[in-house]
Structure formats: C-alpha cells, structure tokens
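**Student:** Between the sequences and the hints, there should be enough to build the whole structure, so can you do that?
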Amino acid sequence: MNNTSALNTVSIKPPHIFSRIYSVWFRHIRVYCKNLFSNGFPPFIEPLMFLAGIGLGLGQYVREINGMSYIAFLATGMLVPPAMFTASFECTFGTFIRMEFDKVYDGMISASLTVRDLFVGEILFAGTKGFFFSTAVLIVVSCFGLIHSPMALLTPFVGFLTGLMFASLALFITSFVNNINHFNFYFTGLITPMFFFSGIVFPLDTLPAYAQWIAGFFPLKHAVSLVRAFCFNTFEPDLMLNLLYMILFIIVFSSLAIRRLSRRIIN
Amino acid sequence: MLNNSAIQVKNVVKHFKHLKAVDKLSFEVPTGICFGFLGPNGAGKTTMMKILCGKSKRDKVENDLVSVFGRDPDRDELAIKFISGIVPQEDNLDLELNVEQNLQIYAKFYGLSAAQSRPFIASVLNFMELSEKKTSGIRELSGGMKRRLLIARALINNPKILILDEPTTGLDPQVRHHIWDKLRTLKKQGVTILLTTHYMEEAYQICDELIIMNKGAKVLQGNPGDLIQNHIENYVLEILNMEIPITEYPESIRRESANHRHLLYSDDFNEIKKISDLFKSGEFILRQSNLEDVFLKITGSNLYE
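Protein chains in written order, with the working numbering: chain D, 1 to 267; chain B, 1001 to 1305.
The set of hints was computed from the structure by calculation and includes no laboratory data. Don't take each hint at face value.
The calculated label-pair distances, taken between Cβ atoms and stated as ranges, are [claimed, not checked]:
| no. | chain 1 | residue 1 | chain 2 | residue 2 | range |
| --- | --- | --- | --- | --- | --- |
| 1 | B | 1143 | D | 239 | 56 to 64 Å |
| 2 | B | 1020 | D | 260 | 21 to 29 Å |
| 3 | D | 185 | B | 1089 | 30 to 38 Å |
| 4 | D | 184 | B | 1255 | 55 to 63 Å |
According to the in silico footprint, chain D covers these stretches of chain B (three or more CB under 8 Å from chain D) [claimed, not checked]:
| no. | region |
| --- | --- |
| 5 | 1050-1057 |
| 6 | 1070-1082 |
| 7 | 1091-1097 |
| 8 | 1102-1112 |
Where chain B lies over chain D, by a calculated footprint (3+ residues, C-beta under 8 Å) [what the hints assert, rightly or not]:
| no. | region |
| --- | --- |
| 9 | 18-25 |
| 10 | 97-109 |
| 11 | 112-122 |
C-beta atoms are modelled at their ideal positions from N, C-alpha and C, and glycine is treated no differently.
**Tutor:** Below, the structure written as structure tokens:
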C-alpha cells in the first residue's frame, strides 16, 4: 500500500484550518442526511401543528396584536424557536453522546484536527440546521399567505445566527455536565422559559418592567425582534443592537465553551 | 537530533491531580522499528502515547523534551497527527456511518476529497482484508473486524508512525496473529510502530525493543530476547494450586509465590526437573522462561493486584 504515497512527502503540511473545519461540518451533514426523511420532516410539520393548535384555537379569541392578526404575529415569531431547539439539542445531548458514549470525538482528534476545529465545525453545523429549520417554517408560513415582505427571505440567516448562539451556549453548558440527565435542568430552567418570554406567543410590552428587563437578556428575544422586522418591513436603529448582541453572544460563549471543552478533552 | 530517530523523549513528567502518571520517562525510538510499552494497568503507557500525539498535555518541567520527527506535540500537534496513525484502546468508530463512509470521512479530516481518497480506501481495506465489508454498518462487525477497521482507518493517511494502544486486547488468537502479521508487513515498509500491550507474547512476537514501565517510570529497556537472556533464569517450574509451599530446594533456585501459585526459576534444567518429579502431571508446568517472567520479576507482584 506504500505505492499510494501522495501524503508521504518530506515537508509536513496539515490541511488548512478552513478545510479542517469544513471536514467536521461535512461529517455532521453526512450523518444528518443519512436519515434525511426522519430528520427533515419535523421542521415542516411542527410549525404547521403549532399554527393550527395555537393560532387557529387561540386566534379565535385574540384577533389582533399590535395591529396585525394574531396568527401572523405568531407565525413570524415561530421562525426562530425551531432553530433554538435544534441547536440546543444538538450541542447538549448530541455532543455529550459523541463525547462520552460513542467516543466519536476521540476518533476525530486522532486525525489531523484540533479540539477547536471540532467545536467550531459543530457550532457551524448547528447554525446550518438553524438556517434549514427557519427556512422550513418560512416555507410553511408563506404557503398560508401570512408573510408578504420579500425581506422575509433574510430570516433564515437569523435562524443561522440563532443556531450559532444556542450551539455556543449549549456547548458551554455541556462543558460542565457529567451526567446526561442534568441537561433537563437546562431545558426546563432556561430554554422553555426563553420560548415563552421572548415575544413569540405574546408581545413583551404587556409584561411588568422587571420582566421585560430580564427578557432583554434572553438571546432568543433579539432573534425574534430581527425576524419580525424583516417580515413586516419595520426597520428601526435598535435592530443593530439586536444584531450586535447576537454576535457578541456567539463570540463570548463559543470561546468560553471551546476553552473549557479543550481542557476537558485534552487532559 | 540523530537523523534515524523517529521519537525522542526526555524527562517527561505527567500528573493527574496527585497521581503521578508518568515519572521522568526518557526513551528514543529509531525510525522503522516496533517499539513496545509493557506494564500493568496504570503504569502510564497510555498517557505517554497520548502525550506523543497531543491528546494529553505533559507537565511543564525544565529540560524535558518530546520530539516526534522533530516536532513537539505541545506546539505542533497537527503536524504530528498528520503523519501518525492512531489506534485507540477503545473502539471509537463512527457508529452512524458504514465502513466505507467511516474511512471517507476520516480521509476528509486529512484534507482528501472523496475522489482523492478512493484509492487509499480500497488499499487499506484490501490490506486489512475487509474489502467485502465495505458497505456494512459498524454494529454488524465482529470485535476483530472493528479492530482491523480501526487499523485500516489509522493507515488512511499513509502514516510514518503507527501508534497502537493495546491493539489485540480481547481478540481471539487468529485475529491476533492476523494483526501481528500486518504490523510486521508495515514495519517492513518502513513504518515506525509504537504499541502498548499487556501481552508478553505480543511484545515478544513483534517488538524490536521495549520498555517495561511501572508506576509511570521505566524499569527496564531492551530487546525482548536479550531481556529474557539477561534478566531471568532459563527455566521455570510452575506449581499450581499448592497450599503448602515446598521448603526444601537448592539455593540456586529462585522462588516466587503468589497466592497458591509458586514459580521456581533455575538455569539448570535437570535441577528443576528433579523437583517437578515430586508432583503429579497437571499439578505443574515445566517450561522455558518468557517475557512474562521478566515482567513479574521486575514489577513485583503488581500483576496480581
């Protein structure tokens, strides 16, 4: 087998960092697409059920919110939570299983990859899933004629950023967790309230001031503000702050998470 | 650095909290040989292997040195991984992918596209005799096949160094011999091989040189044959399951006992044969000494702990 010696050169040139990160991302995409039907189906069905269940039901009582129909309000809010949920599950349970049970990472870092490559690739994969999930919701919601602005085509990019944010946060949490059941605290304690208090099912301005102040820290709230602006063409300077918040959030939590996970894996 | 040494290690120390895993270990591995690490569990073998490829960080001490083809894993982990193949102690194949996809994805980690990796994949599968399992899922493979696939995967980048952590633990004798054959072939092709093992026979079969480790430190180093010749008597009488130890025997015989097993060592076959005549067949084994005897003598009773 030594006649295939393309790699057996004198100078050692490992692949470029982009190529390495891409290879990790590619591994995840490959695995995800192996079960494309079971993985790709829910993002289209879930918003449908949510709109039917809450929108049609509750919509009978709540006709209008801030001058728009309740179902349009809800539908536009629904563009980002699936990105949050998918990235959160991917980088808590998914990461933990790959790290501790299946030992996939141990195999991967035996190849020419660093731990940083591993997690940057993983965060980007979660972002990609976020993009895909937001796109799925956008398609469903558009089919119901609830979105008209062409700017709404940009919302999957907010889904991408949402995926990056929640992947970074989830990895940070995972770096502390030694027992897979402890993720339940994270989901019940943070992700679920985030869903209800980020202005998706009801506008936050009806809440008491302190609750609004707390909600201001929820990363999901900023993503929701952005998608609503794109869907209804209501651009305000504040949106730059939402975007800035998201970007800073990604940078801070991904660096913390990668630093902690590196120490955990390379001991 | 000498041109012909693949790996140089000097004064390496590694602690895990209060446990000293590697204690001032030094050794040098010439290019193209098979170098073994022998020792009981917890001797520091795996830790040393991990330090070599950057999967564990050694303690910061003065005047230590780790060099793998001139690279220090603390600074240049990627370069080392790029020219190494690593076979882990625990199976870590990607269960979500089949045999061929595992290799394809792994080749991608080395920067090879699907088209570029095709001949490499065919070549390593053929080499490890797994070609007909190409489309099988990982869960369908037997333990021996998984291990062979792990070796195939480690060869996908045509490595200069192959690092194997207990490559044949838990495998049946046939697969072990198969793997040993393959490792010998690789050695002939110029690959430097490092392996850890508990099996004295494995070390004897394929290692050109080995070190015996205990509690993180090197206790002995040499060629397996020389170690046996220089550090242990030629013959052993193993007396099995005897509650009352024999007390009367010539002074030239060295005795080791553990639980109800007694080992009598001597260079004189006749002397030891005479003692064996006192026992019924099945109560004793009379044999040539081997690496395991050296190991037991050097590491004390650790094997029984």
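**Student:** Now, for every hint given, state plainly whether the structure supports it.
**Tutor:** Now the hints, each set against the structure:
1. Range check, residue 1143 (chain B) to residue 239 (chain D): about 57 Å between beta-carbon atoms, so the 56 to 64 Å window is met.
2. Remark: the range hint 21 to 29 Å for residue 1020 (chain B) to residue 260 (chain D) is upheld by a beta-carbon distance near 25 Å.
3. For the pair residue 185 (chain D) and residue 1089 (chain B), the supplied restraint of 30 to 38 Å holds, since their beta-carbon distance comes to about 33 Å.
4. For residue 184 (chain D) and residue 1255 (chain B), the Cβ-Cβ distance of about 60 Å falls inside the hinted range of 55 to 63 Å, so the restraint holds.
5. Restraint check on the region 1050-1057 of chain B versus chain D: 5 residues with Cβ-Cβ distances below 8 Å, three needed, restraint holds.
6. Counting residues of the region 1070-1082 of chain B whose beta-carbon sits less than 8 Å from any beta-carbon of chain D gives 6, enough to reach three: the coverage restraint holds.
7. Against chain D, the region 1091-1097 of chain B contributes 7 residues with a C-beta closer than 8 Å to a partner C-beta. That satisfies the three-residue criterion, and the hint holds.
8. Check on the region 1102-1112 of chain B: 6 of its residues sit with their Cβ under 8 Å from a Cβ of chain D, so the three-residue criterion for coverage holds.
9. By the rule of at least three residues with a Cβ nearer than 8 Å to a Cβ of chain B, the coverage given for the region 18-25 of chain D holds, with 4 such residues.
10. Check on the region 97-109 of chain D: 7 of its residues sit with their Cβ under 8 Å from a Cβ of chain B, so the three-residue criterion for coverage holds.
11. Only residues whose C-beta sits within less than 8 Å of a C-beta in chain B count toward coverage, and the region 112-122 of chain D has 3 of them, enough to reach three; the restraint holds.
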